[in-house]
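**Q** If you want the building blocks of each chain, they are given just below.
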Amino acid sequence: MDEDIFYGAAYKGSKRFSQWEVPTANATGFGAAADDYMERGIDLNEQLIHNKPATFFFRMNSDSMIGAGIHSGDVLIVDRSIKAVTGKVIVAILEGELVIRRLQKNFNGVVLMAENKKYADIPLSVFDERANVWGVVTFTIHHL
Amino acid sequence: MKAIVDCNSFYCSCERVFHPELDHKPVVVLSNNDGCIISRSDEAKKLGVQMAGPYFKAKPMIEKFGVSTFSSNYNLYGDLSWRVMETLRVLVGKKNVEVYSVDEAFLDLEEMPSEKLQQLSIEIKETVERWTGIKVSVGVAPTKVLSKIANHLAKKNKVATQCVVVLDTEEKINDALRRTPVDDIWGVGRQYAEKLYRFQINTAKDLQQMDIEWAKKNLGGVMGVRLIKELRGETAIKMEEELVNKRMIATTRMFGQAVDNIKDIKEAIATYTSRAAEKLRRQNSAARTVSVFIVPKEQSHNTYFRHGPTISSYITLPAATSITQELIKPAVQLVNTLYEEGKIYKKAGVMLSDIVPDDSIQGNLFCAPAKNSNRLLMTMMDNVNFAMRDDVLKFAASGTARDWKMRQELRSKRYTTRWNELYEIK
Numbered sequence: 001m002d003e004d005i006f007y008g009a010a011y012k013g014s015k016r017f018s019q020w021e022v023p024t025a026n027a028t029g030f031g032a033a034a035d036d037y038m039e040r041g042i043d044l045n046e047q048l049i050h051n052k053p054a055t056f057f058f059r060m061n062s063d064s065m066i067g068a069g070i071h072s073g074d075v076l077i078v079d080r081s082i083k084a085v086t087g088k089v090i091v092a093i094l095e096g097e098l099v100i101r102r103l104q105k106n107f108n109g110v111v112l113m114a115e116n117k118k119y120a121d122i123p124l125s126v127f128d129e130r131a132n133v134w135g136v137v138t139f140t141i142h143h144l
Numbered sequence: 145m146k147a148i149v150d151c152n153s154f155y156c157s158c159e160r161v162f163h164p165e166l167d168h169k170p171v172v173v174l175s176n177n178d179g180c181i182i183s184r185s186d187e188a189k190k191l192g193v194q195m196a197g198p199y200f201k202a203k204p205m206i207e208k209f210g211v212s213t214f215s216s217n218y219n220l221y222g223d224l225s226w227r228v229m230e231t232l233r234v235l236v237g238k239k240n241v242e243v244y245s246v247d248e249a250f251l252d253l254e255e256m257p258s259e260k261l262q263q264l265s266i267e268i269k270e271t272v273e274r275w276t277g278i279k280v281s282v283g284v285a286p287t288k289v290l291s292k293i294a295n296h297l298a299k300k301n302k303v304a305t306q307c308v309v310v311l312d313t314e315e316k317i318n319d320a321l322r323r324t325p326v327d328d329i330w331g332v333g334r335q336y337a338e339k340l341y342r343f344q345i346n347t348a349k350d351l352q353q354m355d356i357e358w359a360k361k362n363l364g365g366v367m368g369v370r371l372i373k374e375l376r377g378e379t380a381i382k383m384e385e386e387l388v389n390k391r392m393i394a395t396t397r398m399f400g401q402a403v404d405n406i407k408d409i410k411e412a413i414a415t416y417t418s419r420a421a422e423k424l425r426r427q428n429s430a431a432r433t434v435s436v437f438i439v440p441k442e443q444s445h446n447t448y449f450r451h452g453p454t455i456s457s458y459i460t461l462p463a464a465t466s467i468t469q470e471l472i473k474p475a476v477q478l479v480n481t482l483y484e485e486g487k488i489y490k491k492a493g494v495m496l497s498d499i500v501p502d503d504s505i506q507g508n509l510f511c512a513p514a515k516n517s518n519r520l521l522m523t524m525m526d527n528v529n530f531a532m533r534d535d536v537l538k539f540a541a542s543g544t545a546r547d548w549k550m551r552q553e554l555r556s557k558r559y560t561t562r563w564n565e566l567y568e569i570k
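Protein chains in written order, with our numbering: chain A, 1 to 144; chain B, 145 to 570.
Misleading hints may appear alongside valid ones.
[As the list claims (entries may be wrong)] Cross-link-like lysine-lysine pairs, in silico, PhoX-like; alpha carbons within 20 Å at most:
1) A:K88 to B:K570
2) B:K487 to A:K118
3) B:K570 to A:K52
4) B:K441 to B:K491
5) B:K269 to A:K52
6) B:K279 to A:K52
7) B:K239 to A:K52
8) A:K83 to B:K269
9) B:K570 to A:K117
10) B:K491 to A:K83
Since the hints were derived computationally from the structure, they do not count as laboratory data.
Can you make the complete structure from the sequences, with help from the hints?
**A** Below you can see the structure in the form of structure tokens.
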């Protein structure tokens, strides 16, 4: 699964840093030994953004995907370069509007499913990846 | 082979990324201050909306046909432009991309096998569109001038060409040149075109066949020779390294509404100076000359959009500096000398020139060098403003109310640069 590839070659984000930006232990004597092991701290971008020029942020503003653990107010990370396959949560283009739904392809065709019983499934008579998919949701950021 | 990748109606394309309902609908984008139309979608062009035409003139038509209109959202366009260029850098390698403008880039494809160029161009076009949402046209040919012609043909026949034209054989090039009038050639301005027409040089093909020695004498020397060589497929305009440091930095704006008092003009000038100084520091430079200009509005009613002659003046500082307050002071003093009571002003600007690298400032024997604490203050101010945005830290001379500020009534959200303006999805 492509979610597992965390260090894509295309990543051009915050890995650009010079050795001078690495904080030194600023200590003398024994403490200085730690200097040799100083490395750059953990950066969330590495984990959450695989392809920076193709990654966009959205804000969730409904309870339609509550079953998938996406709550109103969450930040959605959307990657336009990932292929939308069945089962993925996508930002879909529906009659000129952007909506978030799970993409479900089966023998009868393509359905955009909400993760909340209050919302009806949206069957698509024709599905065109280019016309119907804006991007694939890869992560959400949720405030506890 | 060289390629030019050019975004289709870039600003309109940007608006469509987050407004898919506008696909295949007429869209226009207005300039700073909502004065003129600066970008039109194909659908708007078909309706006859004029480029660079004043907005108020086109307004009846815009309302009649329901053309979607936006104020310019430079934060969004700048971000999407970066994404397009970055995608190109990922695809063909950083060293092979020359960013030519906000929406155009030349690519050096010398390393590509020629039989793969068509396929590669289509891949470039589709990947950029898939990743960024921006539609582009690609023109490929042996030289920059020819690639521009290829791109022009691609844009003129979007459906037939799928926005990709590769001129890789002599026949294709000749055919393209015959179909291109000289004023469509890259680098040929209106005056130069008139000159060519006077010599009975009507198409790019005619120009290509001119004698080089004759051109040197009659077609403006080097310029004519370069054009002819490029049209013949000989490289005369090389790929350029990105221009990292600007030789001149200008900040110019129209006022949101006409301004008549000196206090507002001074505030505007102070603000523009701060902005220019920030740009100066970002490229690690310092400037020695500060120029200020103000443009009065012409008094008569029927020339609503014309403005009077520009009034300008400049001052040369004892030493080059990049410290905002050292630049604001002379700039604001210049306003005193330029301002005339009773006149109404439409526009003002600041230009910094005589730019030198920050680390090699020529000292002046008679005045103390910039204090280090000022330099630190500037770094801190830039960092805070960059992180917090919207110029949270500014000099008091820039004022606080900003009555003269830009009018941007129809601006879309800054979806890609502001946390509080993200697209809200259901």
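**Q** With the threshold set at 20 Å, check whether the alpha-carbon distance from K269 (chain B) to K52 (chain A) stays at or below it.
**A** Distance ~18 Å between K269 (chain B) and K52 (chain A) Cα, so the pair holds.
**Q** Assess, step by step, whether the Cα of K487 (chain B) is no farther than 20 Å from the Cα of K118 (chain A), and give holds or violated.
**A** Distance ~64 Å between K487 (chain B) and K118 (chain A) Cα, so the pair is violated.
**Q** For the pair supplied as a hint, K83 (chain A) and K269 (chain B), confirm whether the alpha-carbon distance does not exceed 20 Å.
**A** holds (17 Å)
**Q** Please work out if K441 (chain B) and K491 (chain B) have their alpha carbons no farther apart than 20 Å.
**A** Since the Cα atoms of K441 (chain B) and K491 (chain B) sit roughly 8 Å apart, the hinted pair holds (cutoff 20 Å).
**Q** Can you confirm whether the C-alpha distance between K279 (chain B) and K52 (chain A) stays at or below 20 Å?
**A** The given pair, whose Cα atoms are some 18 Å apart, holds under the 20 Å limit.
**Q** Are the Cα atoms of K570 (chain B) and K52 (chain A) separated by 20 Å or less?
**A** Violated, at about 24 Å.
**Q** For a C-alpha distance cap of 20 Å, please report whether K88 (chain A) and K570 (chain B) respect it.
**A** holds (16 Å)
**Q** Holds or violated: K570 (chain B) and K117 (chain A), Cα atoms, limit 20 Å.
**A** Distance of about 15 Å is within 20 Å: holds.
**Q** Does K239 (chain B) pair with K52 (chain A) here, judged by a C-alpha cut-off of 20 Å?
**A** holds (19 Å)
**Q** Does K83 (chain A) lie within 20 Å of K491 (chain B) when you go C-alpha to C-alpha?
**A** violated (49 Å)
The structure is inconsistent with the numbered hints 2, 3 and 10, although it conforms to all the rest.
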